[in-house]
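Asker: Spelled out from the first residue to the last, the chains are:
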Amino acid sequence: MIILLKDFKIGQEGVIVAVGGEGRVRRRLFDMGVTPGAKVILKKKAPLGDPIEVTIRGYELTLRKDEAELISMDTKED
Amino acid sequence: MLNFALAGNPNSGKTTLFNALTGSTAHVGNWPGVTVDKKEGVYKKLDENVNIIDLPGIYSLSPYTPEEVISRNYILDENPDCIINIVDATNLERNLYLTTQLLEIDVPVVVALNMIDVVEKNNESIDAKTLEMKLGVPVVSISALKENNVDELMKKGYEAAKSKRKAHTILEDTNLFHLVNDCRIAFEAIKVNNPLFHAVKLVELDELETKDHPELVHIVEEFKSTFKDEVFGSDFEAIVADSRYKFISKEFANVKKTTVADEEKVNSVDSYSKSDKIDKVLTNKWAGIPIFLVILFLIFHLTFSENIFWLGKLINSDSFANSEFFAGTIWHEGGINSPGVILQSLLIGATDFLSSVVASWLSSSASWVSGLIVDGILAGIFAVLSFLPQILLLFLFFSILEDSGYMARIAFIMDRIFRRFGLSGRAFMPMIMGFGCSIPAMINTRTLADDKERTATIRVIPFFSCGAKLPILTAIAGGIVTYFGVGNADVITYSMYLLGVTIAVVSVLLMRNTSMRGKVPPFIMELPQYRMPGFKPLMLHLWDKLKHFIKKAFTIILASTIVIWFLQSFTANLRYIEQADPNEIADTEFEDLATENETYKNALLSEEDLEAFDDSGELQVSFSDVMTYYDEIEDEIEQGAFKENVLTPVLLASYDSYVEEINDKDYKDQNDSILAHFGTALTPFFTPMGFGSQLSESGWIFPVSAATGLIAKENVIATFQVLSQASSKVEIEEANTDEEKINAYITLYNIGLDEDGVNAAQATISSTGVNIAGLIAFIAFNMLTIPCFAAVATAKAELPDKKIGKTLVFWLLTSYVVSSMVYLIGTYVWTIAIFASLLAAAITFIVIYNKNHPVYE
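Protein chains in written order, with the numbering used here: chain L, 1 to 78; chain H, 1 to 857.
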């Protein structure tokens, strides 16, 4: 099933299928290892629900929901 | 001399390696992006000295953040002899991404595999030989923190620097290589350095590259029309980034040997688990924010509190070791001091002692010489140095937070709230630090990547009222309460803090919508693993700050202190005004009278309750004791009415000799100083704020004391005290009846008595006729206006454009407007309508303007 990273629940994992957005933000995401094929686990949300923390490529990355909205995930569930 | 550049991801240990190589004291922090400007140092253990350049941490060579621009420009334009690419061995995958880009440049590269000790501790190993083969450049395993193998690294770097290296790209095996090669040939033809690097950037259609070489873009565009990838279509930027990561995971999957397969690493129980456990508590949904607030409170409590953990109740006069030394320094009547206050009082004790020694040395020289050295130079430097213990302690605490990795979590926690004001969560820490001292706070803004965000943050930091402004608040609030008999001093103080925060929020909103317009900077940040902060890096960090601060104290601050002292101590025709403590004179005069004049001695003796003399005939009471006693019997006789009693002649006599003394030495000429003339000339400007021309003759006290606050905000109330003493000396001169004389004398003495300046504030209120709104406006003005010289110097150094002019205007304007509003609304309530409609008009204008002029990035 393809859903946005923004809608992930804590502990849910999946593989990135597409990264949207443009310019600076997209470039930054690529540089931080957010590219299609990378495995992502949603570790936690900040106390106020946003930003979120994910594990990707062996490290912890934090990004806002605005940015997570650009990332489509394959959850490998039906 | 050779030049080696250190390049690597933020937080990979670059600065630690830099310190190990150069023995320098560059700052190390566990926060992505601590190095903002490049730092240089020299490595001396090779045949030739090597200049080491510590570049800002970067994730990639894309020029999108200021750090990346600095690093990319240096690597491409300055032609270093070798790049030492420091790689965090605990996170090869993301770190090697930058390596694949560095390999595309025609410069020798040596990979430093850092934190190999941490990897080994986790029962893992990295096959450096295989890595070396795959990358085609030397790889050396090191531990920068333990300084293991760093000389070997430099030897390899030295060898590499002596030979040329041809760039190569990992895109060789991809279907884009053909295009990359075509572009490379095109760049070679126009003789561009590092053609391969530029070729890859052109293929990515990098913003800077297409701007620099528009004539070559057609090569990529033509290829694009014929190209289609299954997953990415013709999004070359994505294909390039993806190819790099694919290459890394394919080629290096087997380099790291672990008990757990690499693919499952994200699930594995390794070094992350410890960080995870800590994070479960510290960024917990419910406990995260409260824990953060408690940590924050503890930091300020340990630095500034004079009653630590409310242990004051345990202290009584009979308690252990009630020695002179400990009392006052370690504790006082109200409680035990915090470490910060203890260190500060020790320092103040030492500097006071130094001043008095110097003063006694100079006692025989001309009075203006000792004035210049003791009151001008020493007092100025010591006033600034007296903040040092607390600033350093704050630094220490915040460095621990930073080095441990918690600071990045605070940004994570606070981001949601700060986004509303157009800032990111990272701006929170510097602002809160502002309550302690603006200087460390402004330096801390280095962690903000966005220039506009950083400028806006630096400008509002002084609005978070610092520790040195508290005396202004307590003295004036105390004066208001005692003189007008209204309100509660604590409520006034808290409301003023609140006003500062509100103005900070409003100004940030205003700036982010006008001069500092820009999109909310993206928040895509690494959360580093928690680490135990090392003792040595912490101390290096503190030493660095100490050096920085002392250098400032002895240059700009010293110069400005001398200028203010000069203006305050000389009259317009350059006559030196003798400074003297009126209480000291009063005490001596009284003592002389009481011991030498039989009539007065007998008068004192007649009051048995006073116990003025002991059995051997030694005087036991001070002038202040006599005054208190005098007040008591006055009260007993009749409320409010003046009636002579047996002590009246003593007081009058000491009054007379006091007046004689000050007439002798022109002590009262404070009113005639250049600064006072300036102040008087400037009073009209302060009229809208309620402490200008509408006040009596001595109204210039307000502008002048605010001006001396530029040296250090503590000076505001100290000046208040000196100046209000000067004006009550005038009252003494003009006193006619005995009652007036004694009352004026007592007032003068009382101003000098209290330490918190409440009496001085009261005396000033009564002599100038200022109203409550004007006083509140005066507090607001001091809080919001130009901060002390030390903070101004720091702001200048930390502002992204290194220019202070506009910021000074901003501070002056903000304080002027807000204080005027406070005074006018407080005095004439109807003016609120004018301000409200002006504000509404401004907001409407900004909103409409911004709608028609959207921000492009």
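Worth flagging that the hints you see were computed from the coordinates, not collected in a lab.
Some hints could be false.
Which residues of chain H face chain L? A partial, calculated answer using Cβ under 10 Å [as the list claims (entries may be wrong)]:
id, residue
1, E204
2, F523
3, L527
4, Y629
5, K796
6, A797
In this text, all values refer to a predicted model and were calculated from it rather than measured experimentally.
Virtual Cβ for every residue (Gly too), placed ideally from N, Cα, C.
Asker: Tell me, which hint numbers fail for this structure?
Answerer: 4, 5 and 6
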